[in-house]
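Heads up: the sequence lines are chains A and B, in that order.
The first sequence: position 279 = 279 (UniProt numbering), numbered continuously.
The second sequence: position 373 = 373 (UniProt numbering), numbered continuously.
The hints are simulated quantities; they were obtained by calculation from the structure and are not laboratory data.
Check each hint, because a few of them may be wrong.
If chains are identical, the list can't say which one is meant, so a pair holds when it fits in one copy or spans any two.
[Claimed, not checked] Computed list of lysine-lysine pairs in DSSO-like fashion (alpha-carbon distance at most 27 Å, straight line):
1) LYS22 - LYS338
2) LYS403 - LYS373
3) LYS413 - LYS492
4) LYS228 - LYS373
5) LYS377 - LYS413
6) LYS403 - LYS333
7) LYS236 - LYS333
8) LYS242 - LYS336
9) LYS281 - LYS236
10) LYS403 - LYS561
11) LYS534 - LYS554
Residue strings, one per chain:
Number of protein chains: 2
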Amino acid sequence: MALRARVLYDFTSENPGELSVKESEVLTLYSEQDIEGWLEGANGRGERGLFPASYVEILRSDNSCRTSADTFADSRYSNVQSSGFDGTFQQPPVEPFPKSSSGLSTFSVPLTQASDDDWDDDWDDSSTVADEPVGGRYHEGNGPSTYRVSTSTGSRGNAQHAKSSATVSRNLNRFSTFVKSGGEAFVLGEAAGFVKDGDKICVVMGQYGPEWQENPYPFTCAIDDPTKQTKFKGMKSYISYKLTPTHTQNAVNRRYKHFDWLYARLVEKFPVISVPHIPEKQATGRFEEDFISKRRKGLMWWMNHMTSHPVLARCDVFQHFLTCNSADEKAWKQGKRKAEKDDMVGANFFLTISPPAAPLDFQEVESKVDGFKTFSKRMDDSTLQLNATVSEFARKQMSGFKKEYQKVGMSFKFLSQAFEMDQQAYSAGLNHAISFTGDTYEAIGEYFSEQPSRDLDPVMDLLALYQGHLANYPDIIHVQKGALTKVKESQKHVEEGKMDRAQADGISDRCNIISYATLAEIQHFHQIRVRDFKAQMQHYLQQQIAFFQKITGKLEEALQKYDSA
Amino acid sequence: MALRARVLYDFTSENPGELSVKESEVLTLYSEQDIEGWLEGANGRGERGLFPASYVEILRSDNSCRTSADTFADSRYSNVQSSGFDGTFQQPPVEPFPKSSSGLSTFSVPLTQASDDDWDDDWDDSSTVADEPVGGRYHEGNGPSTYRVSTSTGSRGNAQHAKSSATVSRNLNRFSTFVKSGGEAFVLGEAAGFVKDGDKICVVMGQYGPEWQENPYPFTCAIDDPTKQTKFKGMKSYISYKLTPTHTQNAVNRRYKHFDWLYARLVEKFPVISVPHIPEKQATGRFEEDFISKRRKGLMWWMNHMTSHPVLARCDVFQHFLTCNSADEKAWKQGKRKAEKDDMVGANFFLTISPPAAPLDFQEVESKVDGFKTFSKRMDDSTLQLNATVSEFARKQMSGFKKEYQKVGMSFKFLSQAFEMDQQAYSAGLNHAISFTGDTYEAIGEYFSEQPSRDLDPVMDLLALYQGHLANYPDIIHVQKGALTKVKESQKHVEEGKMDRAQADGISDRCNIISYATLAEIQHFHQIRVRDFKAQMQHYLQQQIAFFQKITGKLEEALQKYDSA
Chain A
1 MALRARVLYD
11 FTSENPGELS
21 VKESEVLTLY
31 SEQDIEGWLE
41 GANGRGERGL
51 FPASYVEILR
61 SDNSCRTSAD
71 TFADSRYSNV
81 QSSGFDGTFQ
91 QPPVEPFPKS
101 SSGLSTFSVP
111 LTQASDDDWD
121 DDWDDSSTVA
131 DEPVGGRYHE
141 GNGPSTYRVS
151 TSTGSRGNAQ
161 HAKSSATVSR
171 NLNRFSTFVK
181 SGGEAFVLGE
191 AAGFVKDGDK
201 ICVVMGQYGP
211 EWQENPYPFT
221 CAIDDPTKQT
231 KFKGMKSYIS
241 YKLTPTHTQN
251 AVNRRYKHFD
261 WLYARLVEKF
271 PVISVPHIPE
281 KQATGRFEED
291 FISKRRKGLM
301 WWMNHMTSHP
311 VLARCDVFQH
321 FLTCNSADEK
331 AWKQGKRKAE
341 KDDMVGANFF
351 LTISPPAAPL
361 DFQEVESKVD
371 GFKTFSKRMD
381 DSTLQLNATV
391 SEFARKQMSG
401 FKKEYQKVGM
411 SFKFLSQAFE
421 MDQQAYSAGL
431 NHAISFTGDT
441 YEAIGEYFSE
451 QPSRDLDPVM
461 DLLALYQGHL
471 ANYPDIIHVQ
481 KGALTKVKES
491 QKHVEEGKMD
501 RAQADGISDR
511 CNIISYATLA
521 EIQHFHQIRV
531 RDFKAQMQHY
541 LQQQIAFFQK
551 ITGKLEEALQ
561 KYDSA
Chain B
1 MALRARVLYD
11 FTSENPGELS
21 VKESEVLTLY
31 SEQDIEGWLE
41 GANGRGERGL
51 FPASYVEILR
61 SDNSCRTSAD
71 TFADSRYSNV
81 QSSGFDGTFQ
91 QPPVEPFPKS
101 SSGLSTFSVP
111 LTQASDDDWD
121 DDWDDSSTVA
131 DEPVGGRYHE
141 GNGPSTYRVS
151 TSTGSRGNAQ
161 HAKSSATVSR
171 NLNRFSTFVK
181 SGGEAFVLGE
191 AAGFVKDGDK
201 ICVVMGQYGP
211 EWQENPYPFT
221 CAIDDPTKQT
231 KFKGMKSYIS
241 YKLTPTHTQN
251 AVNRRYKHFD
261 WLYARLVEKF
271 PVISVPHIPE
281 KQATGRFEED
291 FISKRRKGLM
301 WWMNHMTSHP
311 VLARCDVFQH
321 FLTCNSADEK
331 AWKQGKRKAE
341 KDDMVGANFF
351 LTISPPAAPL
361 DFQEVESKVD
371 GFKTFSKRMD
381 DSTLQLNATV
391 SEFARKQMSG
401 FKKEYQKVGM
411 SFKFLSQAFE
421 MDQQAYSAGL
431 NHAISFTGDT
441 YEAIGEYFSE
451 QPSRDLDPVM
461 DLLALYQGHL
471 ANYPDIIHVQ
481 KGALTKVKES
491 QKHVEEGKMD
501 RAQADGISDR
511 CNIISYATLA
521 EIQHFHQIRV
531 RDFKAQMQHY
541 LQQQIAFFQK
551 ITGKLEEALQ
561 KYDSA
């Protein structure tokens with residue numbers, strides 16, 4: 001039987017040799033092996049060509065299928081991760097939220113036809129670790145890059161064993177975010193661990209719904225101008241940033257690799273919290289002033305988001321990072337080891353969450369989460385557009401606008417030079433004034449070219465940061481939706497007498513916790529978004545006002561020259 | 001013998017079929033007949049092609065030559081005349097001041113090798129009336145379009161007769177400005193007429209040299225918004241301008257054709273005065289608001305220059321134009337006839353000039369006039385460049401600048417629309433503020449597109465007016481230089497015993513009058529130039545300041561919206 005594949009997303013050929021394909025279309029494959037992400041095949045009309053491997057699912061005789069949807073989604077976020085902080089955005093794939101795969105789930109009768117069930121795609125042997133995003137969420141971490149769950153039985157990743165341990169079956173796709181995050185294990189009651197009082201994370205009911213309990217000891221952290229350091233007698237150079245948290249007032253020195261390590265720990269630990277992306281890595285030009293200043297700004301934005309988050313700001317690994325004496329190698333290593341051995345990560349993180357007493361109405365939760373999904377898509381589109389516009393506006397000011405004003409300035413100066421040949425003493429004042437006006441317009445041209453670094457660059461930094469957050473949310477929503485689906489499944493099983501009510505109630509309770517955490521995180525997102533965009537818009541307008549006032553002042557100075565002309 | 005031509009100016013071929021030629025190069029012509037201004041010929045290397053007829057002089061066996069230099073110069077001024085007031089300038093020919101022709105003058109031994117002796121080129125039969133500028137100085141005048149000289153003998157245009165009446169011979173080129181203006185006839189003592197006291201025009205010695213005696217009764221004249229009038233029961237429409245001179249306070253109505261008629265009278269009457277050009281004619285769209293407003297502005301500039309000029313402001317024909325009751329047909333026609341029969345025009349105009357007692361040092365005059373020539377060339381170049389820059393700057397503001405600000409505005413609005421989907425009550429203020437900021441940037445885009453009409457257009461109007469003046473000066477300088485050459489010739493003749501001293505002194509006295517008038521006119525030019533450019537630069541800067549303040553105000557308004565956000 002010929003190897004076949006079903007098309008998941010429309011693809012339009014853009015180059016010779018490519019084949020345009022339509023969603024749901026079934027193609028004949030020439031080989032299962034992709035060539036740098038492309039598969040070769042033919043459609044029903046016999047047209048032959050290449051199409052992206054990630055746009056199709058390979059159909060097998062046993063009805064199981066392989067989808068690259070997760071990879072597809074993840075790779076997008078790693079795109080944002082890798083390009084988000086340099087202000088250049090790539091066009092996102094047409095479908096930022098992966099569509100449902102049409103392959104059958106492990107349940108023969110799916111409870112919902114919801115569009116978010118791709119988390120329970122079958123696990124396919126042909127998936128390899130290479131499918132995982134590289135440099136994305138799990139880049140350069142010291143810990144294992146797959147999920148870590150402390151289950152009560154101690155069994156890990158054994159599908160047969162897992163199936164026997166719960167009536168609601170486990171997802172066999174070990175790359176599903178729901179699985180990776182530990183969300184599934186937690187919902188199924190497999191997470192267990194001792195939660196110290198200090199580790200408790202409270203979700204409370206606020207004015208606008210569930211929210212993270214405020215940090216009772218709020219603080220901020222300054223990042224001072226980085227300095228170039230050397231070690232091994234100058235053989236190795238690196239940039240060191242001086243961090244001064246307000247709650248200790250003790251400065252510590254950190255390198256980019258420390259930020260990077262911390263980021264990996266946080267991503268691993270918090271499944272439904274949007275950890276802000278750190279500025280991208282850069283291999284060359286690491287010691288160039290422009291880059292260093294850009295990265296410092298990026299790290300400041302990152303730090304601001306870290307200290308603003310009630311959960312992230314207080315977590316041990318972050319506190320260790322902020323407060324451990326940089327000279328004390330031993331203490332640093334101790335803290336590092338402790339963080340890497342932290343049990344309360346992934347599935348166990350949910351154990352630390354203490355929700356309000358009243359359980360949530362899941363239907364309301366679903367509606368809220370769907371609303372947020374729509375919102376975040378729109379916000380993603382509009383920030384992308386704004387970024388493109390603003391970036392072009394900056395470029396225009398630095399090139400075209402500058403040039404126009406300077407050309408006017410030069411023409412005025414040329415006129416004043418002609419006037420200087422008039423041999424008339426009484427026109428000297430005018431000639432000087434016109435020459436000064438020429439200088440003024442040349443200066444205004446310069447102002448235009450300098451301005452974007454003052455007002456538009458910060459706007460672009462903000463947009464980049466939020467592009468990163470928006471890229472995190474599909475995973476967060478995914479985990480919440482996965483939990484909700486397990487609840488629905490368990491209720492069905494109870495109705496069918498396949499599961500006892502206590503077990504279903506446990507699933508529901510744990511879904512309640514995930515839902516509280518998700519809603520608290522969404523609430524936090526809205527709050528910092530309103531705060532950040534308000535502050536940045538104010539900053540932008542203030543800078544613009546100062547800019548136009550500076551121009552006005554310069555023009556007034558020029559005008560005065562004519563008083564004595 | 002083959003027909004040959006000597007190259008007067010370098011010409012670089014820009015199209016296939018054209019031939020690059022160098023100044024002084026001698027070419028072989030295929031025909032004397034030009035094809036739409038181009039001649040065909042070959043150079044010494046046998047290369048064949050087309051070159052502009054005006055860039056060469058045809059060499060004849062009798063050593064006489066024909067040059068198109070006068071035509072070339074004149075046609076340029078008519079270019080300025082025709083295009084100067086609509087703000088679009090054509091690139092001037094490479095050499096605005098015609099170079100000297102290398103043909104011999106009527107004198108076998110030229111007294112000077114000065115570069116300005118082209119005014120006494122031989123009269124060539126092949127020159128036709130068509131060589132005269134069309135629509136330029138002499139367009140649509142009712143009087144004769146060639147020179148009018150009241151000579152003492154009553155002989156006109158008869159070269160033989162003229163030659164016999166004076167030892168210093170007449171220029172035979174009836175199209176020479178020196179001849180046309182009446183300058184030659186005056187210098188040769190052929191002008192005669194009764195000058196009434198009221199017609200006397202005094203040149204006095206001012207602080208900076210000779211100047212026109214100030215108008216003891218200075219006045220200005222307002223031009224009100226024109227209205228559309230009809231006559232012949234609506235069969236014929238025209239635009240009527242209401243003029244209100246400050247010295248009578250009586251409003252009169254005038255049409256464009258009246259301005260046109262007046263202009264022709266003034267040009268005919270005043271040989272060494274730069275009569276400001278009136279706005280160009282326009283056949284279509286005469287009743288369109290934009291055009292009417294543009295023409296009114298042009299006429300206001302014109303009027304300002306007329307009333308500012310001590311001689312033009314006081315002359316009878318202008319006063320008739322300003323004061324004659326528009327309803328009194330009879331009085332108007334009487335004044336019109338009187339102006340057209342005015343004897344004190346051209347050569348006789350110089351009779352009305354009353355110079356200071358001390359005669360000028362002609363060498364100093366020559367140096368001053370040469371200095372002004374250099375100055376006016378530079379001013380011409382720089383106003384041309386400024387006009388091009390400013391015109392492009394206006395275009396950019398109305399297109400590119402506007403578009404950029406509006407795109408930013410739209411992107412902000414798009415963001416606020418996305419934010420409105422957040423279902424969070426506390427962000428309504430922010431959403432509104434961002435939306436308002438979007439409107440603000442769209443408004444700023446509009447401001448940019450509206451601004452040029454407020455500040456750059458008046459600058460362009462000023463430049464156009466001065467382009468017109470600068471185009472007049474070559475003729476004025478030409479007349480003065482012609483007179484000076486006659487003086488040199490007469491001195492030579494005296495030395496050679498061919499002329500008696502009294503006759504030479506008469507020529508010198510009359511050249512003195514022309515020189516006083518020329519220097520007074522140059523002085524006037526500098527004074528109004530300084531006044532006009534000072535006022536216009538101040539106006540421009542004031543408008544620019546107001547513009548940037550308006551933007552600042554709008555941005556401040558937007559910023560305030562965030563206070564309650």
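Going through the hints against the structure:
Within a single copy, LYS22 and LYS338 get their C-alpha atoms no closer than 51 Å, and across copies no closer than 88 Å, so neither meets the 27 Å cut-off. Neither within a single protomer nor between protomers do LYS403 and LYS373 lie at most 27 Å apart by alpha-carbon distance, with minima of 44 Å and 32 Å respectively. With identical chains, the CA atoms of LYS413 and LYS492 are never at most 27 Å apart, being 84 Å at best within one copy and 46 Å at best between copies. With identical chains, the CA atoms of LYS228 and LYS373 are never at most 27 Å apart, being 43 Å at best within one copy and 64 Å at best between copies.
Taking identical chains as interchangeable, the C-alpha atoms of LYS377 and LYS413 lie at most 27 Å apart only when they sit on different chains, with a minimum of 16 Å there against 52 Å within one chain. Within a single copy, LYS403 and LYS333 get their C-alpha atoms no closer than 55 Å, and across copies no closer than 56 Å, so neither meets the 27 Å cut-off. For the identical chains of this complex, LYS236 and LYS333 are intra-copy neighbours only, at 21 Å inside a copy versus 99 Å across copies, given an alpha-carbon limit of 27 Å. For the homomeric pair LYS242 and LYS336, the shortest alpha-carbon distance inside one copy (19 Å) is at most 27 Å, but the shortest distance between copies (90 Å) is not.
In this assembly of identical chains, LYS281 and LYS236 lie within 27 Å of each other by CA distance solely inside one copy; the values are 18 Å within and 78 Å between copies. Within a single copy, LYS403 and LYS561 get their C-alpha atoms as close as 24 Å, which meets the 27 Å cut-off; across copies the closest is 34 Å, which misses it. Within a single copy, LYS534 and LYS554 get their C-alpha atoms only as close as 30 Å, which misses the 27 Å cut-off; across copies the closest is 18 Å, which meets it.
Comparing the model with each numbered hint stated earlier shows that hints 1, 2, 3, 4, 6 do not hold.
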